[in-house]
Amino acid sequence: MRALLDRLPHTCLACRGWSDAAFCADCRQRFGRKGARCMACALPMPQMHERCGHCLRHPLPLDRTLAALDYAWPWNGLITSMKFRQQPRLAHALAAELSAAVRGSGAASPRLVLPVALTTARLRERGYNQAWELARRVAAELGLRADARLLLRLHDGPHQVGLDRLARTANLQGVFAVEPGRRQELAGAEVALVDDVMTTGATLAEAARTLRQAGAARVVGWVLARTA
Numbered sequence: 001m002r003a004l005l006d007r008l009p010h011t012c013l014a015c016r017g018w019s020d021a022a023f024c025a026d027c028r029q030r031f032g033r034k035g036a037r038c039m040a041c042a043l044p045m046p047q048m049h050e051r052c053g054h055c056l057r058h059p060l061p062l063d064r065t066l067a068a069l070d071y072a073w074p075w076n077g078l079i080t081s082m083k084f085r086q087q088p089r090l091a092h093a094l095a096a097e098l099s100a101a102v103r104g105s106g107a108a109s110p111r112l113v114l115p116v117a118l119t120t121a122r123l124r125e126r127g128y129n130q131a132w133e134l135a136r137r138v139a140a141e142l143g144l145r146a147d148a149r150l151l152l153r154l155h156d157g158p159h160q161v162g163l164d165r166l167a168r169t170a171n172l173q174g175v176f177a178v179e180p181g182r183r184q185e186l187a188g189a190e191v192a193l194v195d196d197v198m199t200t201g202a203t204l205a206e207a208a209r210t211l212r213q214a215g216a217a218r219v220v221g222w223v224l225a226r227t228a
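Residue numbers (our numbering): 1 to 228.
Don't read these hints as lab results, they were simulated from the structure. Backbone N, C-alpha and C fix where the C-beta goes; we use that ideal spot for every residue, glycine too. It cannot be assumed that every hint is accurate.
[Claimed, not checked] What follows is a list of derived Cβ distance ranges for each label pair:
| id | residue 1 | residue 2 | range |
| --- | --- | --- | --- |
| 1 | Ala228 | His58 | 39 to 49 Å |
| 2 | Cys15 | Arg57 | 16 to 26 Å |
| 3 | Pro44 | Arg103 | 17 to 27 Å |
| 4 | Pro59 | His10 | 20 to 30 Å |
| 5 | Gly106 | Trp18 | 32 to 42 Å |
| 6 | Gly215 | Asp26 | 38 to 48 Å |
| 7 | His155 | Leu56 | 29 to 39 Å |
| 8 | Leu56 | His92 | 22 to 32 Å |
| 9 | Arg111 | Pro180 | 28 to 38 Å |
| 10 | Ala140 | Arg16 | 25 to 35 Å |
[To be verified] Here are the computed lysine to any residue pairs in the SDA-like style, where the Cα-Cα straight-line distance is at most 20 Å:
| id | residue 1 | residue 2 |
| --- | --- | --- |
| 11 | Lys34 | Lys83 |
| 12 | Lys34 | Val197 |
| 13 | Lys34 | Gly77 |
| 14 | Lys34 | Leu66 |
| 15 | Lys83 | Cys52 |
| 16 | Lys83 | Ala121 |
| 17 | Lys34 | Cys52 |
| 18 | Lys34 | Asp70 |
| 19 | Lys34 | Trp18 |
| 20 | Lys83 | Met39 |
| 21 | Lys83 | Val197 |
| 22 | Lys34 | Ala121 |
| 23 | Lys34 | Asp156 |
| 24 | Lys34 | Pro46 |
| 25 | Lys83 | Asp70 |
| 26 | Lys34 | Thr120 |
| 27 | Lys83 | Ala107 |
| 28 | Lys83 | Pro46 |
| 29 | Lys34 | Pro74 |
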């Protein structure tokens, strides 16, 4: 029965037209990732350069950041539905976009794939961590090890909406930690940090800084979408 259902046409999650995949070829062509990005913060750039001006002046503790999509229509609505409207099933289709971007980048395989952590209270409130829903699927697709409990978030801090990078960075200091007794797992490791949306990069940077202080040799960011 499942095999029969898999052969039936589906509707594209973006345009609702008929499609044999989660996203139709037309939507992939029109709304897929385009153009050059900064290798460090994944900010769209007019030309291909390794680093944008801000990252040259203020380097992030990330060796590389890869963004699968732009945070714009239709992806922003789908990500919001996955994150806030109790539709984690969208994570399967969106994780496939991130997996394809990672595979296409030719990036080396990290030892660990970790989600950006939520606090226990926020996880209880939401019922799931959208970053983990992405991370575990991407890791499975790429044959890598994912772990939801190695990186911890101790507290949330003030809301980040509307704040610039400097203010966000100040808010986030000390919010992450590594599970006590497991620091040795990070010694000399390359780690991929997964999150759904990257805005200023402050959250990923603070998480990466925590992992480096615990012994990680390299930390890369894999994000589903990047704001402009």
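The hints, checked one at a time:
1. The hint said 39 to 49 Å for the Cβ distance between Ala228 and His58, and at roughly 19 Å that hint is violated.
2. The beta-carbon spacing between Cys15 and Arg57, approximately 41 Å, falls outside the hinted interval of 16 to 26 Å.
3. Between Pro44 and Arg103 the C-beta distance comes to about 21 Å, which sits within the given range of 17 to 27 Å.
4. At roughly 44 Å, the beta-carbon separation of Pro59 and His10 lies outside the given 20 to 30 Å, and the hint is violated.
5. Evaluation of the 32 to 42 Å hint for Gly106 and Trp18 yields a pass: the beta carbon distance comes to about 33 Å.
6. For Gly215 paired with Asp26, a C-beta distance near 46 Å keeps the hint of 38 to 48 Å intact.
7. In this structure the hint that His155 and Leu56 lie 29 to 39 Å apart at CB holds, the actual value being about 32 Å.
8. The beta-carbon spacing between Leu56 and His92, approximately 37 Å, falls outside the hinted interval of 22 to 32 Å.
9. Hint check: Arg111 to Pro180, Cβ distance near 20 Å, so the stated range 28 to 38 Å is violated.
10. At roughly 28 Å, the beta carbons of Ala140 and Arg16 sit within the given window of 25 to 35 Å.
11. Between Lys34 and Lys83, the direct Cα distance comes to roughly 24 Å. Violation of the 20 Å bound is thereby established for this hinted pair.
12. Of the pairs offered as hints, the one joining Lys34 and Val197 holds, with about 17 Å between alpha carbons and a cut-off of 20 Å not exceeded.
13. Distance restraint check for Lys34 and Gly77: the Cα-Cα separation of roughly 19 Å lies within the 20 Å cut-off, and the hinted pair is therefore satisfied.
14. Distance check on the hinted pair: Lys34 and Leu66 sit about 13 Å apart at the alpha-carbon level, within 20 Å; holds.
15. Between Lys83 and Cys52 the alpha-carbon distance is near 29 Å, which puts this suggested pair outside the 20 Å criterion.
16. Between Lys83 and Ala121 the alpha-carbon distance is near 16 Å, which keeps this suggested pair within the 20 Å criterion.
17. The straight-line distance between the Cα atoms of Lys34 and Cys52 is roughly 17 Å, inside the 20 Å bound, and the hint therefore holds.
18. Simply put, Lys34 and Asp70 have alpha-carbon atoms about 8 Å apart, close enough for the 20 Å limit, and the pair holds.
19. Restraint check for Lys34 and Trp18: the C-alpha separation of about 24 Å exceeds 20 Å, so the hint is violated.
20. A threshold of 20 Å between alpha carbons decides the hint, and for Lys83 with Met39 the separation of about 26 Å lies outside it, so the pair is violated.
21. A threshold of 20 Å between alpha carbons decides the hint, and for Lys83 with Val197 the separation of about 10 Å falls inside it, so the pair holds.
22. For a cut-off of 20 Å, the pair hint linking Lys34 to Ala121 is broken: about 37 Å separates their Cα positions.
23. Annotation: proposed proximity of Lys34 to Asp156 is violated, straight-line Cα distance about 33 Å (limit 20 Å).
24. Note on Lys34 and Pro46: the hinted pairing holds, with a Cα-Cα distance of about 11 Å set against a maximum of 20 Å.
25. Distance check on the hinted pair: Lys83 and Asp70 sit about 17 Å apart at the alpha-carbon level, within 20 Å; holds.
26. As the CA atoms of Lys34 and Thr120 are separated by approximately 37 Å, the hinted pair breaks the 20 Å bound.
27. As the CA atoms of Lys83 and Ala107 are separated by approximately 27 Å, the hinted pair breaks the 20 Å bound.
28. Proposed proximity of Lys83 and Pro46 is contradicted: the alpha carbons are some 30 Å apart, above 20 Å.
29. Proposed proximity of Lys34 and Pro74 is supported: the alpha carbons are some 15 Å apart, at most 20 Å.
Checked against the numbered hints above, the structure breaks hints 1, 2, 4, 8, 9, 11, 15, 19, 20, 22, 23, 26, 27 and 28 and satisfies the rest.
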